[in-house]
Amino acid sequence: MSESPPSPRPSVLPPPAPEHLAELYRQMFVIRRCEEEAARAYAQGKIGGFLHLYIGQEAVAVGACAALQPDDYVVTTYRDHGMAIAKGMSSKAMMAELYGKKTGCSKGLGGSMHMFDAATNMLGGYGIVGAHIPLAAGAAFASKYRNDGRVTLCFYGEGAVSIGGFHEGVSLAALWKLPIVFICENNEYSMGTPLSRSMSVEDTSLKALGYGVERDRFFADDVNLVEHRIAAAVKRAREESQPTVIEVRTYRFRGHSMSDPAKYRTSNEVEEQKRRDPLLLARRELVDALGEERVKAIDAEVEAEVADAVKFAEESPEPDASVLEPTTYDGPFAA
Amino acid sequence: MRTLRYREALREAMIEEMERDDRVFLMGEEVGHYQGAYKVSEGMLEKFGERRVIDTPIAESGFAGIGVGAAMVGLRPIIEFMTWNFSAVAFDQILNSAAKIRQMSGGQFSCPIVFRGPNASAKQVGSQHSHAMEHFYAHVPGLKVLAPSFPADVKGLMKAAIRDDNPVLFMESETLYSVKGEVPDNLEPMEIGKANVVREGTDCTIVTYSRMTHVSLEVAEELAKEGISVEVVDLRSLRPLDEETVIRSVKKTHRCVVVHEGWPYGGVGAEVSDRVQRLAFDYLDAPILRVTNLDVPMPYNAKLEQHVMPNKERVLATVKRAVSRGRS
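Chains as they are written, first to last, in the numbering used here: chain A, 175 to 509; chain B, 136 to 463.
One thing to keep in mind: the hints can contain errors.
Below, in silico cross-link-like pairs of lysine to aspartate or glutamate (EDC-like), each with a Cα-Cα straight-line distance of 20 Å or less [what the hints assert, rightly or not]:
hint, chain 1, residue 1, chain 2, residue 2
1, A, Lys351, B, Glu185
2, B, Lys329, A, Asp504
3, B, Lys387, B, Asp338
For the record, the hints were derived by calculation from the structure and aren't laboratory data.
Sequences are here, hints too, so could you generate the full structure?
Take a look at the structure:
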C-alpha cells in the first residue's frame, strides 16, 4: 500500500472554454472578496462568534460545485461561506447571515458556521467535526431510495478523518452503494495541529481502501482540474451509484478562525503557498484567454456585487424574538 | 375493538403508516432478517422488502445521522435503537443534528424523523443496559418525547409521531411489549401532548408514564383497600408536557407524587414538580414527592435491582407519606 502523490495537471486535460473559466474565476473572486470584507467587519465588531475564512481554498468549492447539477446536494463543515456561494446562494444572504441579520440565509440564527439554502440544495454548514458526514450519506440515501438521480457532495477537513462520524458515514455509504462523493479539503492543519501529528498516514484518501471504494487525490491549484476530477467521481455516483473518497490538497492563507494567530507555521511557508494561489492562477489564465480589459471588467463587477452585499447586510434589520419558537418546532411549540 | 399486545400495536402503527406513505421506512439493527431484536418488526421485511425495512451494521451514530439527512430532504425515517441505551453513541446526532436543523437553517429545513426502541430497565441487564434516557432528551428544545403505557396509546401515538414534522423520540419498554390492551379499530393518530387520567381519585395524584403507570395502578388498587383514593395521571407525552391535566388533577387531590424510572437529579419528575409548585401552590397540602431509581447505577443482583427501582412498596409508602401530611 503506497501513498499516491497528488497528481499534477495532466497534459490530456482540455483547456476550459474561456467563458466557463470566466465564470469560475468570478465565483472564486466573489468568495475571496466576501471573506476579506467579512474579516474587516469582524475586526470592527460587526460580526461575532467564530469566523472561519475560506481564503486560499476557493478552487475546491468552485471547481467541485461546477461539476454538479442544480438539484444535487452539498453538505459541508463550519468553513462554509465559500461553499454556499459556489452552490449558488447569493452573497447578500451570506453576508447578512454573518451580520446576524433577519435577511440572512438562516434569519441570523445560524451565523458563520451554518449557511443553509434550500433553494440551491445547500444542505448546510455544520459545527461538530465529522457529524455531518452521516447526514450527507442520508441525503444520498434519500436519492437512492427515490431514484431521483441526484448526487451529494460531502466536504470535510483532514481533521475529521480521525473521528467516528467519518468512518460510519463512509462505511454505510460504501455498504449501501450511495451516490455520494466524500471530499477531504486537506489544508494541512487541523486547527493548530499539522497533519504529521494528527494522522498515521499523510494521504486521507487511503481510508477508502478499507471500505472498498474508489479514491482520488490531487492539488487544488487549478480550478479547472478540480472540476474535471470531481466530475469523474460525480459521474460514478450518478451512473453507478458508487461513492468515492477524494483528498484535495489545499491551503488556507488565514488562521483557523479569526482568533488564531497561526503561530504553528512560518510566514515563509504561507508566502510560499500564496505563490500557488488558485485565484491568481485562474486570473492569469483568464487574462491569456480573454485579455486584461475583460478580466478587469469582471473584477469591477465582483467589487460592486460584494459592496452591495456588505451594504445590504449593514442596512438589514435584526431578527426579533418572534422568530425563535417557530424555528425550534415545525408547528405548535412543544414545552 | 381488538385486544393487542403492546408490540403488535406498535407494529400495526408502523405498517399502516408505511402502507399510506412511501416516504416512511424502518431502519435499525436486526429489524429485517432477524425480525427485530424484540420481534416488534416481525414480518415487516417480508411485507415491504429490503428497500423499506433496512438492516444496519452496529453504527448508531452513522444510521441515526443517515436518518436525519434523509429526513431533511423529505423522507420520513423510523430509526430503531435496539435499546435506547445505545442511543448514547448517537446522542450528538439527536442533540446537534436532529434537534438543531430547523433552527440552524432559519426554518428552511425540518427533520420529520422518529427514533424508537425500548427504554429504561429490563430485567437484570446491568448498569449499561438499564438507562432511562427520556430525561436526557426531554431537556432538549426541538425534540418531542413520548412514553406511552398502553397498546391503544402506543398505536395512536406512533402514527402521530410518524406524521409529525419534528423529531419524535418514542420510548417503549421491553417489560411492556407483551402487555395486552384493547385497541379501537381504524384508530386515527392521537394528538401528541395529552395526558390521560387512567384512574380517578380524590386523595393524591400520581403523575407517571410508561412502565410505572402499571406499577402506580397496582398501588392505587391496594391503597383503595385502605380507604386512600389515588388518581393516576399517565403523561404519555413528556415533551410537550400536558401541565393542564396534571394541574387540574392536583387542584382536586391537593397532593402530588411523581413516579418514574431513572435518577432523581433533574429529570422529568423535577420538571413536573416545578410546574405543580408554580401553578398549584395554593392547592398543595403536602410537599410534592418523587419516587425514582435510587441515585446509583443499576445493579445486576435481582434483589438489589428491585431495591434500586421505583418499586411498588416505595411508591405505596411515598403516597402514604403525602396523604398523611396535612391530615390530623
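*If you draw a straight line from the CA of Lys387 (chain B) to the CA of Asp338 (chain B), is it 20 Å or shorter?*
Holds, at roughly 8 Å.
*asked:* Lys329 (chain B) and Asp504 (chain A) were given as a pair; does the straight-line alpha-carbon distance stay at or below 20 Å?
replied: Holds, at roughly 18 Å.
*Does Lys351 (chain A) pair with Glu185 (chain B) here, judged by a C-alpha cut-off of 20 Å?*
Given that 20 Å is the threshold and the Cα spacing comes to 14 Å, the pair holds.
When each numbered hint is compared with the structure, no violation occurs for any of them.
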